[in-house]
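Residue strings, one per chain:
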Amino acid sequence: MMDASLPAVTVTSGQAIFFDGVTGVRRTATAELGLTTMEISAPDGEALAAWRYGELATYSAPDGMLRVGPATGPARLEIRDRELAAAFMARAGRIPQPGAVEPRTRLKVVGWSLAAVASALLVAMFGLPAMIERMAPLVPLGVEQQFGASIDSRVRASLARDQHDECGQGPNGQASRAAFDKLVGRLETAAGLPFPVRAAVVRRTAINAISLPGGRIYVYAGYVNKAETPDELAAAIAHEMGHIAHRDGVRRPIQAVGLWLLFGPLIGDFGGGAVAWVAMHRMLLPSYSREREAAADTFGTELMIKVGGDPRADANFLLRGARTAGSTWKILLSDHPQDRERAAAIEAIARAAPNRGDSAASALLTATEWAALKQICQAPASTPPATPEVQHQPSRDVAGAETARAE
Amino acid sequence: MTALALLPPPAPPPPIRPARVVPPPIRPARVAPPPIPLRHGATGCFTGRMQAFRRIMLRGALLRVATLGIYRFWLTTESRRFLWANTEIGGDSLEYSGTARGHFLGCLMVIALLAPPYALLWVFTGAVEFGAVAQLSSVGGLAFLGVVGQYASYRARRYRLTHTAFRGIHFRQSGSALAYALRSLLWAVLTALTLGLAYPWARASLERYKLAHTHYGSWQGKFAGSGTQLFARGIGLWLLLMAAAVGFGVAVSEFVDPDALRRAGRGASDDEAALAAAQVMLLSLGMVLLAGIAYPLLRAIVMRWWLEGLRIGPLAVATTLRKRSIVGAYLRCFLYAAPLVIVASIAIFTVPDDVGELVMTGAGVVTYLVMVLGVWVLHQTTVKLRIWRLAVDSISIAGFEAITKVRADSRLPGSAVGEGLADALLTGGI
Chain A
1 MMDASLPAVT VTSGQAIFFD GVTGVRRTAT AELGLTTMEI SAPDGEALAA WRYGELATYS
61 APDGMLRVGP ATGPARLEIR DRELAAAFMA RAGRIPQPGA VEPRTRLKVV GWSLAAVASA
121 LLVAMFGLPA MIERMAPLVP LGVEQQFGAS IDSRVRASLA RDQHDECGQG PNGQASRAAF
181 DKLVGRLETA AGLPFPVRAA VVRRTAINAI SLPGGRIYVY AGYVNKAETP DELAAAIAHE
241 MGHIAHRDGV RRPIQAVGLW LLFGPLIGDF GGGAVAWVAM HRMLLPSYSR EREAAADTFG
301 TELMIKVGGD PRADANFLLR GARTAGSTWK ILLSDHPQDR ERAAAIEAIA RAAPNRGDSA
361 ASALLTATEW AALKQICQAP ASTPPATPEV QHQPSRDVAG AETARAE
Chain B
1001 MTALALLPPP APPPPIRPAR VVPPPIRPAR VAPPPIPLRH GATGCFTGRM QAFRRIMLRG
1061 ALLRVATLGI YRFWLTTESR RFLWANTEIG GDSLEYSGTA RGHFLGCLMV IALLAPPYAL
1121 LWVFTGAVEF GAVAQLSSVG GLAFLGVVGQ YASYRARRYR LTHTAFRGIH FRQSGSALAY
1181 ALRSLLWAVL TALTLGLAYP WARASLERYK LAHTHYGSWQ GKFAGSGTQL FARGIGLWLL
1241 LMAAAVGFGV AVSEFVDPDA LRRAGRGASD DEAALAAAQV MLLSLGMVLL AGIAYPLLRA
1301 IVMRWWLEGL RIGPLAVATT LRKRSIVGAY LRCFLYAAPL VIVASIAIFT VPDDVGELVM
1361 TGAGVVTYLV MVLGVWVLHQ TTVKLRIWRL AVDSISIAGF EAITKVRADS RLPGSAVGEG
1421 LADALLTGGI
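Order-wise, the sequence lines are chains A and B. Using this note's numbering, you'd call the opening residue of the first sequence number 1 and step up by one each time. Using this note's numbering, you'd call the opening residue of the second sequence number 1001 and step up by one each time.
Pulled out of the complex, with its shape left as it was, chain A reads as follows:
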């Protein structure tokens, strides 16, 4: 049991400071190390305590001091005599050190932390999606609509710097608006969505379309401009209807809460938190949103087949590389290869479709209607903007439109 580094002649008694744990009195005391007990006595011979080694623990102390006391009591013996301290440790053997952080403890903490993070990652990758799949249909439609309304107000505020931002308003835009509504109406009738769709074209140059919880769809003016056929525009709306039909608007918040519960409280810490955040955004979210996009693509393609449109319209659009992603992150994460994959998946569904969609004329809109729709954002609003300062600036991108279609 004896440590080899100890001097050959080991002390068995020495001076120390004793606190009885009952009063604040500090006493100089003599500690005598027996085989199984340490006896502590005052200089005048008065016995102060007799502690069995098995009941003792060492406590936090400054360098050069050994602080010993009962594992369950407040009395303490402070040994500064190094030889006595060494002799005590040799006698006491393995002794509890409550609160001490030793190298072994650190290794254990690192190991368990990694295990915990790995298990949380597994849950986030497999358990959470399965849970969302079961929970999303259980959210009442009314709750989703209310939730959507709250998001809508924020999205509109960021989309539209003024209230004239929605295209096709006023008498001049009537024909365009009618064509757009006809297109949306045909799709909606065939789609069988849980709630009525409210779609609009907004004056934004990005080539994008977004959907919000509760049936809101915003098509950006950039998309309308870039679309070469009514079917290409219809395909975008059909895709967004896929998100609405699958209730992706409520899946997202459930996912956010779930991820927070898994990762938030324990590792919400500057250093580790940052690493976890990057890992999550690079690994978990893209794969999850890819899956949702694929589902919406399938829905959209099937919907296009149902309404007699060109099921390949979206694939063509994707392959032209026409779509711009919402942010740098999105460009990084959903690069062109992914667009190609999506186009291929759409193609696979389209191949099985009865309608070829390769006729020159669209089944969805007449040429006149399509021409009017293309003009939807050209017609000036009925009333002029209130002040020149808040005039629309087409080049600026707005944060908050991150629920981008390209996600």
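Keep in mind the hints are simulated off the structure, nothing from the lab. As the structure is a computational prediction, the values presented were derived from the model and not from experiment. Every residue, glycine too, gets a C-beta built ideally from N, C-alpha and C. Mixed in with the good hints, there may be bad ones.
Said to hold, decoys possible - Computed Cβ-Cβ distance ranges for the label pairs, DEER-style: (1) V1189/B x P43/A: 53 to 61 Å; (2) V1351/B x A90/A: 52 to 60 Å; (3) T1047/B x V25/A: 16 to 24 Å.
To be verified - Each computed SDA-like pair below joins lysine to any residue, with the alpha-carbon atoms no more than 25 Å apart: (4) K108/A x L1108/B; (5) K1384/B x A100/A; (6) K226/A x A100/A; (7) K1405/B x V307/A; (8) K1405/B x P70/A; (9) K1405/B x T366/A; (10) K1222/B x T28/A; (11) K1405/B x T28/A; (12) K108/A x A1052/B; (13) K108/A x R1101/B; (14) K108/A x M1109/B; (15) K108/A x K1405/B; (16) K1222/B x T23/A; (17) K182/A x V307/A; (18) K1405/B x E46/A; (19) K108/A x L1058/B; (20) K108/A x R1055/B; (21) K1405/B x K226/A.
Said to hold, decoys possible - Reference listing, derived: stretches of chain A covered by chain B, where coverage requires no fewer than 3 residues with Cβ under 8 Å from a Cβ of chain B: (22) 15 to 22; (23) 57 to 64; (24) 89 to 101.
Given chain A, put chain B in place with the hints provided.
Chain B alone, transformed into the frame defined by chain A:
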């Protein structure tokens, strides 16, 4: 080799009783530590070395990254053990008996308790976020968070005190965390309404509550400082800040062209807009610098006032803490941290664009970690440790000879959930 040669000639100690079975021969103790005489007024002394603390913090910072932050419970424990053990008063050091495991479990417990209400709150605010309800709920939510934060900090203080002992006697805390939290909410409102003028009385009231519910064995604490005292010491600083704020407002309205500024805000880059933006930026920088000096000063004033007001039983604390040393600690931290931040920022901008996304992200994360962890370690060592040391070294305690009269009192319970709430909210103290 034997240590015997180094020792004074053996003089067997007075045989108090026959030693039990002791195989090696009985030897006298080496030079026994001289008993430290009790003076009227013991002084504080910090015995820890900076290097040891820096090592704890550096290692802790790395382990925090390796464990995605979970190591923080162990780091807190390590740091407290170091600070407590090296804080000597009248020659005896404090003992910290908290454990990281207790912290960790407490945090887990609170997460388990808070998670369902949090999820509900999330869904609820998501659903009713509109209009007046939203306005009300955001103000209410802020107040609620404030109250919860104060509640948590009071609970955390209780854990710290019940796990602190001095000369074999434990500290305890009574009182209600909820009462404290509500009290601090009321004072926060009053302080905000008076632009900070009520702060001294707010602080005094809260300290009185805390100290009156602090116990060292059979002794009760008391806070003797008054709000008026603090007000008198801090009013100059307050006036200076107010004057600076008014000056800032006047300067902006007098010299900066508001139209140009608005255009600059929208990204315009003509000369006038750039000038206006530069003017505002310069003025703001001045305000930030002023705040950077005012904060350490305020801290120093409050800390001195607080130390002088501490009473426990018959013990009264006095301090020789000087403002300039506290300000110096902050200044030192700033001087060390600034180059680190600058170098790290330059490093991240010099990564070439064509290295690929993965390398870019990796470089960004590494630089971020180096910068944040570096600044954090610097703050811990140059500000936190230094101020702790300055405070401990500056105090002297009158009436210390009465320390022998204090008696243990275990009627007040310890804390069952540790600092769980504070840990979950990341509002824990030192």
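Q) Looking back at the hints listed earlier, which ones does the structure fail to meet? A) Of the numbered hints, 6, 7, 9, 10, 15 and 21 do not hold.
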